[in-house]
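Letter by letter, the chains look like this.
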Amino acid sequence: MEVRELELDLDAFEGPFDLLLTLVLKEELDLAEVDIAGIVIAFCERLAERGELDLEACGEFLVLVAALLELKARGLFPDEEAELLELEPEEAAEELARRLAEYRRAKEAAAWLAERLEGEGDRFFRLGPAPLAPRVERRLAPQEPAVLVAALRALAAEPPAVSLAHLELRFPPVSQFLERFRALLGRRRVFDLDAELDGMTRIEQAVAFLAVLELRRSGEVALEQAAPFAPIRVRRAESETERRPAWTGTARSA
Amino acid sequence: MDGDRPLRLITSSPVDRLARTVEALLVVASQPLSADELAAAANEDPERIETALRLLAERFAEGRSGIVLEHVAGGWAFRASREAAEACGRLFERPVERGLTAASLETLAIVAYLGPVSRPEIARIRGVAADSVVAGLVERGLIAEAGREEGIGGAVRYRTTPLFERVFGLESLSQLPRLDDVGEDAVEIRARLETVAERRGA
Amino acid sequence: MDGDRPLRLITSSPVDRLARTVEALLVVASQPLSADELAAAANEDPERIETALRLLAERFAEGRSGIVLEHVAGGWAFRASREAAEACGRLFERPVERGLTAASLETLAIVAYLGPVSRPEIARIRGVAADSVVAGLVERGLIAEAGREEGIGGAVRYRTTPLFERVFGLESLSQLPRLDDVGEDAVEIRARLETVAERRGA
Numbered sequence: 344m345e346v347r348e349l350e351l352d353l354d355a356f357e358g359p360f361d362l363l364l365t366l367v368l369k370e371e372l373d374l375a376e377v378d379i380a381g382i383v384i385a386f387c388e389r390l391a392e393r394g395e396l397d398l399e400a401c402g403e404f405l406v407l408v409a410a411l412l413e414l415k416a417r418g419l420f421p422d423e424e425a426e427l428l429e430l431e432p433e434e435a436a437e438e439l440a441r442r443l444a445e446y447r448r449a450k451e452a453a454a455w456l457a458e459r460l461e462g463e464g465d466r467f468f469r470l471g472p473a474p475l476a477p478r479v480e481r482r483l484a485p486q487e488p489a490v491l492v493a494a495l496r497a498l499a500a501e502p503p504a505v506s507l508a509h510l511e512l513r514f515p516p517v518s519q520f521l522e523r524f525r526a527l528l529g530r531r532r533v534f535d536l537d538a539e540l541d542g543m544t545r546i547e548q549a550v551a552f553l554a555v556l557e558l559r560r561s562g563e564v565a566l567e568q569a570a571p572f573a574p575i576r577v578r579r580a581e582s583e584t585e586r587r588p589a590w591t592g593t594a595r596s597a
Numbered sequence: 006m007d008g009d010r011p012l013r014l015i016t017s018s019p020v021d022r023l024a025r026t027v028e029a030l031l032v033v034a035s036q037p038l039s040a041d042e043l044a045a046a047a048n049e050d051p052e053r054i055e056t057a058l059r060l061l062a063e064r065f066a067e068g069r070s071g072i073v074l075e076h077v078a079g080g081w082a083f084r085a086s087r088e089a090a091e092a093c094g095r096l097f098e099r100p101v102e103r104g105l106t107a108a109s110l111e112t113l114a115i116v117a118y119l120g121p122v123s124r125p126e127i128a129r130i131r132g133v134a135a136d137s138v139v140a141g142l143v144e145r146g147l148i149a150e151a152g153r154e155e156g157i158g159g160a161v162r163y164r165t166t167p168l169f170e171r172v173f174g175l176e177s178l179s180q181l182p183r184l185d186d187v188g189e190d191a192v193e194i195r196a197r198l199e200t201v202a203e204r205r206g207a
Numbered sequence: 006m007d008g009d010r011p012l013r014l015i016t017s018s019p020v021d022r023l024a025r026t027v028e029a030l031l032v033v034a035s036q037p038l039s040a041d042e043l044a045a046a047a048n049e050d051p052e053r054i055e056t057a058l059r060l061l062a063e064r065f066a067e068g069r070s071g072i073v074l075e076h077v078a079g080g081w082a083f084r085a086s087r088e089a090a091e092a093c094g095r096l097f098e099r100p101v102e103r104g105l106t107a108a109s110l111e112t113l114a115i116v117a118y119l120g121p122v123s124r125p126e127i128a129r130i131r132g133v134a135a136d137s138v139v140a141g142l143v144e145r146g147l148i149a150e151a152g153r154e155e156g157i158g159g160a161v162r163y164r165t166t167p168l169f170e171r172v173f174g175l176e177s178l179s180q181l182p183r184l185d186d187v188g189e190d191a192v193e194i195r196a197r198l199e200t201v202a203e204r205r206g207a
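Chain order of the listed sequences is Z, X and W. In terms of this note's numbering, the first sequence is residues 344 to 597. In terms of this note's numbering, the second sequence is residues 6 to 207. In terms of this note's numbering, the third sequence is residues 6 to 207.
Don't read these hints as lab results, they were simulated from the structure. Some hints could be false.
Stated by the list, open to error - Quick partial rundown of chain Z residues pointing at chain W, CB under 10 Å, derived from the structure:
1. W455
2. L456
3. A476
4. P477
5. R481
Note that CB positions come from ideal geometry on N, CA and C, so glycine has one too.
Chain Z with its partners taken away, still in its complex shape (with noise of 0.2 Å):
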C-alpha cells in the first residue's frame, strides 16, 4: 500500500495525500484549514478496506502526519512562523525535519524517564527537615534599643496634612454648557465649536466639549467635521425622531 497515494476528501483538499504534502511544503496550502483527524480517519478507512496490517505503510503514515501536525502546531508561536516564512520551501522542509528530530529525540528521553521512574518506586527517602533536627539557628548580631525608640516615634508621628491642591482645579458644571448650546441653537440652525470654545480654559473647553457630545447622544444635535483637527461644525437635529434621547426608542410611542 502507497501511503502518498491515499486519496483524500477533505473539505480544504480533495487528491492524493503527496499532492497535499508537496502543497504544504511550498506553502501553497494552508495547513490551519486542513482536518489532519480527516485524513487519519481516511487511512484508517483505506487500511480496513485491505483487511491486513501494513506495518511499513503505517510507519511511513505516522511520520508524514506527525510531519503535518508539526507543521501545524507551528501556527500557534506567530513569531516563528514569520521567520520560518522566509524560509525556502526546500529550507522549511530542512527545519522540519529537523525540529521533528528534536522532538523525537525529547520523546526518547521522556520514556527513559518514565522507565526510570518505575524503577525507583521502592526508593522511599525523607523529603524536608527530620523530625528531631536542630533548629536552624537565625543569629543576629547584638543591636542598640535606640533602633526601637527611632521605629516607634516613626509610627507615633502625625501623617502629614494631605495637600488639596489638586483639588482646586474646579470643573464647571456640563449643565452650565448644555444650557448654552440649547440657547444657541434655539437661535442659529448651526454654529462652529472652535469659534465657541475660543478664550475658554483648558478644564472649560474639555467639559464643553462633553456637553456637545452628550447633545449628540440625545439626539439633539449632529456634529460634522471635514477632517481630523478641521473646525466641528453642531448642526441642530431637523427631525422629532432624530430629536428623541436614544433610551426612549420607539417602543415606549407604541
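Chains X and W: place on chain Z using the hints.
What follows is chains X and W alone, placed relative to chain Z:
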C-alpha cells in the same frame, strides 16, 4: 555498657528483619512515629514492633552510634547523637545577621513597649497585616506567645523573650529607653499610636 | 560482599568516631550532603570524610540495613532500603511523583537535557504551549528558575533541581543516557519526506 559485644548486622531472624523495616520507616518519616503507626505500616503486631524498637534502641544508643533512637511525645524518631552536636550546629548555622528589616523592627518595638500584644493590634497600629513578620520574629526567638486576649476565641498575644533582652543589651524590659514625647506609659503610648494609625488610615 | 563478618559498632578509633559524626549529620540533613559540606560541618579533611563514607556505605548497604546510604544528586543521603518499600508505601505518600503526566515527563526531559531552557523553547520543541506544565513542575520542585535569556526582557530559563536528581536516583545529570544523535534522525526523516513529496513533482 557491654560495648565490646560484636553485633552481627546481617541475620535472617524475623526480629532483625522487622527491625530493618522499622529503621527504614523512621529514616523516611518527618514526624515521630508511634508504635501503632509502625505496626500498621509494617503489617505486624504492636508487641513485635516493641521488641524491634528495643533492639533498635540498643543499637542506636548514645555513645554507640551517631544516629540515636529517641522516644518523644507522639512516638519514636531518630536524632543526631549529642557527641555530634557541634558538627550539627555548624551544619544548621547561618551567617550572623547584622540587623532587622524595618517591618520587623516596628513590630518588635510595638511588642517590647506594649506587650503582651496581639497580631490584630500590631496590624492596626502598623496599618498592614503582621502575620509573616510576627512568625519570623517567633522563629528567631525574639518574641514568644504569652496567652490570649480575654474572651472566647481571643487572639494570641506576644511578648519579647530573654533572647531579645540579650540581643538589645538590656537586663530587663524596664531598661528600655523612655518615650515620654509619645507617652508616659504603655497605656498612653498605645492610645497615641492607635489615634495616629486611625488618622493615617482616614 | 563479606556479609557475615561481624562489625564492632563501638570502637574508639578516630575513623569510627568520624563515621558516627557523619551518620549524625546525614540523619538530620534535609538534603544530600557533599563530602565538602560534611567536611566543613565535621571540621575535618575531605579525605578522612571519604574514608568514613566508605565505612558507612558498607554498614548501611542494601540487604544489610533498613537505612541505606546512597550517593545521589551530587551528595550523600540516607534512604529506606528497597526491601522496606511495601511498608513505606503504606505510610508515606510520594507527592513529587504522583500524577506526573506524559507532558510533564517530556518537558522534564527537555529541561534536563537542554537546560537552562526557556518556556518558548520548550513550547517550540513540544509544539504546544508549556506554561501550565512548567508551572506544575516548578511547584513540585523538580525544576527551578535559572536566570533569563540574554537581552532586555529575556524569557526566564529553567533547569532541573537536586530534587529531580534525587527522585530519579541520579548522581548527577551526566548520568542521563546519551540519546541518538539528532542530526542522523533528521536526515532520515527528511529523506522520507522528500521521497514522498518529490515523487509528485516528477
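Quick rundown of the hints versus the structure:
no.: 1; hint: W455; in the structure: 6 Å, holds
no.: 2; hint: L456; in the structure: 5 Å, holds
no.: 3; hint: A476; in the structure: 4 Å, holds
no.: 4; hint: P477; in the structure: 7 Å, holds
no.: 5; hint: R481; in the structure: 16 Å, violated
Violated hint: 5 only; the structure is consistent with all others.
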